[in-house]
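Participant: Sequence:
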Amino acid sequence: MKIYSLLGAGLIAPAFAAFVECATWMTRKMRRTAAEH
0 MKIYSLLGAG LIAPAFAAFV ECATWMTRKM RRTAAEH
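Heads up: the sequence shown is residues 0 to 36, going by the numbering used here.
Don't take every hint at face value.
Cβ pair distances, simulated, as ranges [said to hold, decoys possible]:
| no. | residue 1 | residue 2 | range |
| --- | --- | --- | --- |
| 1 | 35 | 13 | 31 to 37 Å |
| 2 | 33 | 3 | 28 to 34 Å |
| 3 | 34 | 14 | 43 to 49 Å |
| 4 | 36 | 2 | 48 to 54 Å |
| 5 | 13 | 33 | 26 to 32 Å |
Since the hints were made in silico from the structure, they are not lab data. Each residue gets a CB set at the ideal place from its N, CA and C atoms; glycine is no exception.
Make a model of the complete structure from these sequences and hints.
Facilitator: This is how it looks when you write it as structure tokens:
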């Protein structure tokens, strides 16, 4: 059971980090376009 939770965390952590990175990049891009217009 513990192995599965560790494996799940190992898979979820990078995916979550990538999602957060993408979200911050998207908001930054949106803010830049909003500032331009």
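Participant: Against the structure, test the hints numbered earlier, and report the numbers of the ones violated in rising order.
Facilitator: Violated hints: 2, 3; rest satisfied.
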